[in-house]
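Student: Put the complex together from the two separate chains, hints included.
The chain contents come next:
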Amino acid sequence: MTSSAAVSRAKNRLLIGAILTAALTLAGQVYAEDNTGPGTGAANGNGVGLNGLSSSVISRAPASPVEEFSKQLEDFQKSVPDLNKEIQDSAAAIDSATDIDKARAAIDQLRGQVSTLLAAVSDNGPVSQLGFKALAHIRAKLKILAQEQRFKLEERQFLVDQWQRLQAETENAAKELGDARSQFAGLLQTLQSNEDFIDELVELRQAEKAIEVIKNLTRNIRDASARLNRLIGSIKPPGA
Amino acid sequence: MTLTKAHAVGLLAAVMVVGGIVVAFWPSRDVGYVQINTVPAAPITQAGLYLDATKLAPIRQGGTLLRQPIGTLKLQAETLSGERAAICDIVVKRNRITTVTVSVLERPPRCLCRFTGSGDPKDHTCVS
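These protein sequence lines map, in sequence, to chains A and B. In short: position in the first sequence from 1, add 949, done, that's my numbering. In short: position in the second sequence from 1, add 9, done, that's my numbering.
Just chain B, with the same shape it has in the complex (with noise of 0.2 angstroms):
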């Protein structure tokens, strides 16, 4: 089989233009991981939570492992109003498990870091 230039420049934009397509939506491999715990633990919790913009499913059995962009991600909770209230701050590294408790029972629900990196109780961003 022999390709003149013409169908060689043709190939070549095809594949320009695929891998370009390829690229954008080829998922990050930087990921990191966010551990919720609720308490009190319960088969399902309902807590209506939200990591970034992005609605988190009933938490079962009182904890959930979620695999996570890196960077630092805002968890709100549903108020009672219906509106979001931030309640902390998560920083998600590479291949790394942040973890955070969450009190449903307060109103709204209250983070409590494994860590925060200053040691100070009332640092609200939680780190791995």
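Bound conformation, chain A alone (with noise of 0.2 angstroms):
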């Protein structure tokens, strides 16, 4: 009896140490989340946050900055066809709206959507951060291998030709982030201005004018989710 107690007692122990540790690690993951820039912090140090896109990274044991750009790089391009669609998906909804409200809810939605994808590629955001740091690190590497005096020659020159090739990756993967950033930016600009623009023809009471603009807009969107997502999947992370 006094040893099932004392096993018990071990057991719920155990489960309130298990949900503290968790609870922990969460809070200490969403904080380390929003500190992972460069030196100068590249203003983003202001308690912002990305819905889970960079979790995934941060919590596994600390890997080079390259193979963590890299993983993270990868899902995000997991990330994206699935919200891709919630895009496209929201588009439809926009399209067969014939209230002007509902359209409107819809294209705040929306804007919700491409603001998601847009937070983990602005340049204070998780995966733009650990590809400048993916960088340094490589640049500091190549630095280093420059002055080696352990290994022979050749071998020195295998690992700077090694170095040097990821390097390349990296400039790459990273200079195609920027181009979607922009792309998705572009979208968000065009998102908002539109509304705005509804904004005015309700105002004015030009309803169907604002129907108008409305389906050329959901025309736009398809066009645009298109093309991202074929520009993020063709992105190839660093040394995979």
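These aren't lab readings, by the way, just hints derived from the structure by calculation. There's no promise every hint is true.
Claimed, not checked - Keeping only pairs whose Cα atoms sit at most 25 angstroms apart, straight-line, the calculated SDA-like set for lysine to any residue is: (1) B:Lys102 <-> A:Asp1050; (2) A:Lys1027 <-> A:Asn1121; (3) B:Lys102 <-> A:Leu1032; (4) A:Lys1092 <-> B:Gln55; (5) A:Lys1124 <-> B:Gln55; (6) A:Lys1082 <-> B:Gln55; (7) A:Lys1124 <-> B:Asn46; (8) A:Lys1090 <-> B:Ile53; (9) A:Lys1185 <-> A:Gly1135; (10) A:Lys1124 <-> B:Ala51; (11) A:Lys1082 <-> B:Ile53; (12) A:Lys1082 <-> B:Lys64; (13) B:Lys83 <-> B:Asp39; (14) A:Lys1082 <-> B:Gly72; (15) A:Lys1082 <-> A:Gln1113; (16) B:Lys83 <-> B:Val48; (17) B:Lys102 <-> A:Glu1035; (18) A:Lys1090 <-> B:Pro52; (19) B:Lys102 <-> A:Ala1173; (20) A:Lys1101 <-> A:Gln1116; (21) B:Lys102 <-> A:Arg1053; (22) A:Lys1082 <-> B:Asn46; (23) A:Lys1092 <-> B:Pro67; (24) B:Lys102 <-> B:Val136; (25) B:Lys131 <-> A:Ser1142; (26) A:Lys1124 <-> B:Pro67; (27) A:Lys1082 <-> B:Pro52; (28) A:Lys1164 <-> A:Asn1143; (29) B:Lys64 <-> B:Lys83; (30) B:Lys102 <-> A:Phe1146; (31) B:Lys83 <-> B:Cys120; (32) A:Lys1124 <-> B:Gly71; (33) A:Lys1020 <-> A:Ala1089; (34) B:Lys102 <-> A:Ser1142; (35) B:Lys83 <-> A:Gln1141; (36) B:Lys102 <-> A:Glu1152; (37) B:Lys83 <-> B:Arg123.
Tutor: Here it is as structure tokens:
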């Protein structure tokens, strides 16, 4: 009886300990997520998070910055088709809406979806930040290798070649992420300016014109979404 | 496994404490974006710009897009004497982009808002 009570107590303590650990880890991840900026901070210390896109990489054991960037980029790429599907569904909802209020609500929701994607690739977003860190790590490695005396010349050359290959791949991925960033930003700007125009039209009681603007907007969204899907899908994570 | 009342209370207290910690560190979901373009565009611009208290990283290829909490931010530029001078206010709205162009050739740099809201060229509050 006494031993069964002791076992029960131990189990309860284990359960409480596990919950505490899990929750503290989660809190730590959330905190860490917003402190992954480059040296100067890139204006990212304002407590802004990203709905979970970056959490997976932070929760793993420390890997090299290049690996982290590559993994985060792959995770982001995997999340894009689903989010893109949501964008396409929202576009369909806007297209089929005959009520302007519903269409505006759908545009507002769509801005949220695009914003989620943009958050990942903004200059102070987690994917871009890891890209900066990866490049800084590679440059530091190349600098060290240039003075390295432990290896034979051909061994050193082999390492330098490999790091330079990774550097080229990382720079390329970062550049393509920059292109994606511009397109996401363009899409968000299109949405906001159209939304403002629709508001003005509603104020002028130009409902028909507003519906026409909404229909045109959905075509643009579908095109932009398909382009972004292709663009992000084609980015090659370094070392992959 | 049986939970006594004391254990249940302990568990609840632990969950509440931890929940409080999580909430305290949980980031705001209300975010918007600030697009800062610099003219003339250069591969890297070291303009010494600050958004509120945070110094911006050097701006690459004439532009940077930053995720920010919603509200009004003060864009400041470092003067030659090292002090900071406010050059404009930037209003960040939820899931919207506010664009501002900074002319870095001038001392201190000058803000050119894409939209000011009021239409007044002397208005130094940029809106989306």
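Student: Each hint needs a verdict: does it hold in this structure or not?
Tutor: Quick rundown of the hints versus the structure:
{"no.": "1", "hint": "B:Lys102 <-> A:Asp1050", "verdict": "holds (20 angstroms)"}
{"no.": "2", "hint": "A:Lys1027 <-> A:Asn1121", "verdict": "holds (19 angstroms)"}
{"no.": "3", "hint": "B:Lys102 <-> A:Leu1032", "verdict": "holds (22 angstroms)"}
{"no.": "4", "hint": "A:Lys1092 <-> B:Gln55", "verdict": "holds (24 angstroms)"}
{"no.": "5", "hint": "A:Lys1124 <-> B:Gln55", "verdict": "holds (20 angstroms)"}
{"no.": "6", "hint": "A:Lys1082 <-> B:Gln55", "verdict": "holds (19 angstroms)"}
{"no.": "7", "hint": "A:Lys1124 <-> B:Asn46", "verdict": "holds (17 angstroms)"}
{"no.": "8", "hint": "A:Lys1090 <-> B:Ile53", "verdict": "holds (23 angstroms)"}
{"no.": "9", "hint": "A:Lys1185 <-> A:Gly1135", "verdict": "holds (23 angstroms)"}
{"no.": "10", "hint": "A:Lys1124 <-> B:Ala51", "verdict": "holds (16 angstroms)"}
{"no.": "11", "hint": "A:Lys1082 <-> B:Ile53", "verdict": "holds (17 angstroms)"}
{"no.": "12", "hint": "A:Lys1082 <-> B:Lys64", "verdict": "holds (18 angstroms)"}
{"no.": "13", "hint": "B:Lys83 <-> B:Asp39", "verdict": "holds (18 angstroms)"}
{"no.": "14", "hint": "A:Lys1082 <-> B:Gly72", "verdict": "holds (19 angstroms)"}
{"no.": "15", "hint": "A:Lys1082 <-> A:Gln1113", "verdict": "holds (16 angstroms)"}
{"no.": "16", "hint": "B:Lys83 <-> B:Val48", "verdict": "holds (19 angstroms)"}
{"no.": "17", "hint": "B:Lys102 <-> A:Glu1035", "verdict": "holds (22 angstroms)"}
{"no.": "18", "hint": "A:Lys1090 <-> B:Pro52", "verdict": "holds (23 angstroms)"}
{"no.": "19", "hint": "B:Lys102 <-> A:Ala1173", "verdict": "holds (23 angstroms)"}
{"no.": "20", "hint": "A:Lys1101 <-> A:Gln1116", "verdict": "holds (22 angstroms)"}
{"no.": "21", "hint": "B:Lys102 <-> A:Arg1053", "verdict": "holds (16 angstroms)"}
{"no.": "22", "hint": "A:Lys1082 <-> B:Asn46", "verdict": "holds (23 angstroms)"}
{"no.": "23", "hint": "A:Lys1092 <-> B:Pro67", "verdict": "holds (22 angstroms)"}
{"no.": "24", "hint": "B:Lys102 <-> B:Val136", "verdict": "holds (8 angstroms)"}
{"no.": "25", "hint": "B:Lys131 <-> A:Ser1142", "verdict": "holds (23 angstroms)"}
{"no.": "26", "hint": "A:Lys1124 <-> B:Pro67", "verdict": "holds (16 angstroms)"}
{"no.": "27", "hint": "A:Lys1082 <-> B:Pro52", "verdict": "holds (18 angstroms)"}
{"no.": "28", "hint": "A:Lys1164 <-> A:Asn1143", "verdict": "holds (11 angstroms)"}
{"no.": "29", "hint": "B:Lys64 <-> B:Lys83", "verdict": "holds (12 angstroms)"}
{"no.": "30", "hint": "B:Lys102 <-> A:Phe1146", "verdict": "holds (17 angstroms)"}
{"no.": "31", "hint": "B:Lys83 <-> B:Cys120", "verdict": "holds (11 angstroms)"}
{"no.": "32", "hint": "A:Lys1124 <-> B:Gly71", "verdict": "holds (14 angstroms)"}
{"no.": "33", "hint": "A:Lys1020 <-> A:Ala1089", "verdict": "holds (21 angstroms)"}
{"no.": "34", "hint": "B:Lys102 <-> A:Ser1142", "verdict": "holds (13 angstroms)"}
{"no.": "35", "hint": "B:Lys83 <-> A:Gln1141", "verdict": "holds (23 angstroms)"}
{"no.": "36", "hint": "B:Lys102 <-> A:Glu1152", "verdict": "holds (21 angstroms)"}
{"no.": "37", "hint": "B:Lys83 <-> B:Arg123", "verdict": "holds (16 angstroms)"}
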